[in-house]
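**Student:** Here are the chains, one letter per residue:
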Amino acid sequence: MIGYLFLVLLLAAAVGYVMNRATARAAIAGGSARFHSLAGFHGAYALLLTGLPAVLFVLLWLLLQGSVIDSIVIGSLPETEMAGLDAGRLSLIEAEIKSIARGNIFGTPEPWKLEAAERYNSLRSIASVALWVATLAIAAVGLYVARSRISPEFRARHRVEAITTWLMIACSVLAIFVTFGIVASLIYESIRFFDKVPITEFLFGLNWEPQIALREDQVAGAGAFGWVPVFLGTIVITTVALVVAVPIGLLSAIYLNEFASSRIRSISKPILEVLAGVPTVVYGFFAILVVAPAIRSAGAALGIDVAPNTALAAGGVMGIMLIPFISSFTDDALSAVPRALRDGSLALGATRGETVRKILFPAAIPGIVGGVLLAVSRAIGETMIVVMAAGLIATLTVNPLDSVTTVTVQIVTLLIGDSEFDNPKTLAAFALGLMLFIVTLALNLIALRFVRKYRELYD
Amino acid sequence: MNKTITAEAQIASNIVSAKISARKVNVFYGDTHAIKDVSIEILDRSVTAFIGPSGCGKSTFLRCLNRMNDTIDICRVEGTIELDGHDIYDASVDPVQLRARVGMVFQKPNPFPKSIYDNIAYGPKIHGLAQSKADLDGIVESALRRAALWEEVKDRLAAPGTGLSGGQQQRLCIARAIATAPEVLLMDEPCSALDPIATAQVEELIDELRKSYSVVIVTHSMQQAARVSQKTAFFHLGLMLEYDDTSKIFTNPDHEKTQAYITGRFG
Ligand SMILES: Nc1ncnc2c1ncn2[C@@H]1O[C@H](COP(=O)(O)OP(=O)(O)O)[C@@H](O)[C@H]1O
Ligand SMILES: [Mg+2]
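From first to last, the protein sequence lines stand for chains A and B.
Read left to right, the first sequence gives residues 1 to 459 (our numbering).
Read left to right, the second sequence gives residues 1001 to 1267 (our numbering).
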């Protein structure tokens, strides 16, 4: 139903656009006075006035309709039945009435419940008709206003711009609010977690064994919630990833930027971009099916004890994923160094290699460091590859041939399956998420500072 | 009268011999024919000016002389260019070594984001010209002195070269080029980004450098060409239309296009 309403509104707005533009065009062609705005702007003005208020109205209506109808239905329930009911009972009754209204009747409900369900249904259908009528009326008024405004003096061009500016402001405010909302909920749930598990234990504990209280009499916090081994696992895998990604990304970018002919560049750059487009899940099974077995058999050949899902496999593949990331940052940083410096060095009889080493690289280093830090924060937050290829057990080790787990993997496993929401095991996921958020935020801020610094150098 | 001038020219050409001689040089950028059949003899210990309207190929030809055109992918150079009688485009010549012998100064001052000292020491270090730190200090000082910059910067050699004024930066770049002990110095509009005072300083410097180097300067200023150069070449649409003593070019050019250009009727 609502879909149709939006379709009709879209149509109305389009009609408004066409009508107003035609009218304005005719008036302009009539040529009695010079119009301030082109016909297209009068059309756009009609489009916005017809569509925008109506759409906003519909959204507002949908937001409020549910609770208004509910409160009317509840309000009209017989006093006698309502006396002395707490909120929980009330919401049960409400749910029952709604399910009756949908036609799911179990047993024989009391007649007042049936009555309420009927009222609920009729209110809903009334509301739906009212919504249609009101919305179309608003659209019509908008269209009427827009049409009556067509005149040589009317500054439709500025009005359209003002309205779209407000629209953009609204969208950015929304985006900011959503961000704040997510962070706030993260913090709120984490605080609830720290009620159950002391924050010092979480931050400094060396054991991570989240257990669910299976029976009532079990102590909920019986599991250990020290995040150190989990975070250490993340660091180990991130380090492996960087050891792979930084040299390869850096050197390939330097080669492509400074040494390769334009023909080679035009072939290789798109290939690197393809690498950036590979979904992480594909990297994930590449890690399990190809890299992990290879490492295991190599380990067996050398007589080294290798865990089935090593940090090396997960980190190595993650490193491959980060290569295009690092190389594109290096590329940007090198390209930002003015050509005049290159020429100056070459004209002094330096080779290309010397020029890169002594002039370009030092000049580009802040940008490159910024890129590496962003890569670190991506590696820390990367989930799919490690969920597939890293281990589940948190061990306090820095050996890349061991199996380690990561913060992201633990968040996923904590939330899989249905456990109660106020269980420390579930809440621990929020605490881990918060820590992850803080670490990556800090890295991003530092990285941005670096990047900004090198931009200033040559602007 | 006529006879004496030729005699003088004869004597002059005996004293200052040809440092660079280019024959039938053609340059292409992809399909663009930027330099057409240019032949020129550039003398040692003198200043040669390249003049001509924008886009006529002055910079392109200048870059042929130290093979900087090699760094441009699509650029192709034909013909022969000899430095002291040896073809610089010969397979046996290392362009990197060549550029130490033929220095270049660019239009916009381009000091490296390093200290003043390191800017000058860059070339000598690369080419192994200094045996010791004291050696290097000596090279840096003498280069800065010859570029008439020593007095101004001797107390802040560790300060970044990019912190100097425009004129100082350009003299730093000249000092940097001198420090590799080149024989030829190419300058592509070295004063176009400078104010009149800095320009005068650089011009004075060029006059000084003439005593030890062969200097080739591209300039858009007729006055500058007249002031600093002994020989002037006029380029037009990739051709070198006229090449003669500067005094001749500016008083009595052979070619009407030259006449039109130096009197400001086009360009
Ligand atoms: N890197 C380049 N790639 C392609 N064409 C170029 C390049 N440099 C110069 N040209 C072309 O060669 C011609 C001569 O340019 P240039 O030597 O810079 O002239 P001038 O220095 O006399 O102003 C121009 O037509 C210019 O467009
Ligand atoms: Mg030029």
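Hints listed in this document are in silico derivations from the structure and should not be mistaken for laboratory results.
Any given hint might turn out to be false.
Said to hold, decoys possible - Only pairs whose alpha carbons sit at most 30 Å apart, straight line, appear in this in silico DSSO-like list of lysine-lysine:
#  : chain 1 : residue 1 : chain 2 : residue 2
1  : A       : LYS269    : A       : LYS113
2  : B       : LYS1211   : B       : LYS1248
3  : B       : LYS1248   : B       : LYS1024
4  : B       : LYS1248   : B       : LYS1114
5  : B       : LYS1024   : A       : LYS358
6  : B       : LYS1154   : A       : LYS358
7  : B       : LYS1133   : B       : LYS1154
8  : B       : LYS1108   : B       : LYS1257
9  : B       : LYS1125   : B       : LYS1114
10 : B       : LYS1036   : B       : LYS1257
11 : A       : LYS453    : B       : LYS1248
12 : A       : LYS453    : B       : LYS1211
13 : B       : LYS1125   : B       : LYS1211
14 : A       : LYS358    : A       : LYS269
15 : A       : LYS358    : B       : LYS1248
16 : B       : LYS1133   : B       : LYS1114
17 : B       : LYS1024   : B       : LYS1114
18 : B       : LYS1125   : A       : LYS358
19 : B       : LYS1211   : B       : LYS1108
20 : B       : LYS1108   : A       : LYS358
21 : B       : LYS1125   : B       : LYS1154
**Student:** It remains to establish, for every hint, whether it holds in the given structure.
**Tutor:** Now for the hints, and whether the structure bears them out:
1. A:LYS269 / A:LYS113: violated, 69 Å
2. B:LYS1211 / B:LYS1248: With Cα atoms ~22 Å apart, LYS1211 (chain B) and LYS1248 (chain B) stay inside 30 Å; holds.
3. B:LYS1248 / B:LYS1024: Distance of about 24 Å is within 30 Å: holds.
4. B:LYS1248 / B:LYS1114: Between LYS1248 (chain B) and LYS1114 (chain B) the Cα gap is close to 44 Å, so the pair fails against 30 Å, i.e. violated.
5. B:LYS1024 / A:LYS358: violated, 37 Å
6. B:LYS1154 / A:LYS358: Holds: LYS1154 (chain B) and LYS358 (chain A) sit about 24 Å apart, inside 30 Å.
7. B:LYS1133 / B:LYS1154: Given that 30 Å is the threshold and the Cα spacing comes to 17 Å, the pair holds.
8. B:LYS1108 / B:LYS1257: holds, 29 Å
9. B:LYS1125 / B:LYS1114: The hint holds at about 14 Å.
10. B:LYS1036 / B:LYS1257: Roughly 17 Å between the alpha carbons, so the hint for LYS1036 (chain B) and LYS1257 (chain B) holds.
11. A:LYS453 / B:LYS1248: The hint is violated at about 53 Å.
12. A:LYS453 / B:LYS1211: violated, 44 Å
13. B:LYS1125 / B:LYS1211: Status holds; Cα separation ~25 Å.
14. A:LYS358 / A:LYS269: With Cα atoms ~25 Å apart, LYS358 (chain A) and LYS269 (chain A) stay inside 30 Å; holds.
15. A:LYS358 / B:LYS1248: Between LYS358 (chain A) and LYS1248 (chain B) the Cα gap is close to 46 Å, so the pair fails against 30 Å, i.e. violated.
16. B:LYS1133 / B:LYS1114: Cα-Cα ~18 Å, so holds.
17. B:LYS1024 / B:LYS1114: Answer violated: LYS1024 (chain B) to LYS1114 (chain B) is near 41 Å, above 30 Å.
18. B:LYS1125 / A:LYS358: The hint holds at about 11 Å.
19. B:LYS1211 / B:LYS1108: Answer holds: LYS1211 (chain B) to LYS1108 (chain B) is near 25 Å, not above 30 Å.
20. B:LYS1108 / A:LYS358: Cα-Cα ~21 Å, so holds.
21. B:LYS1125 / B:LYS1154: holds, 20 Å
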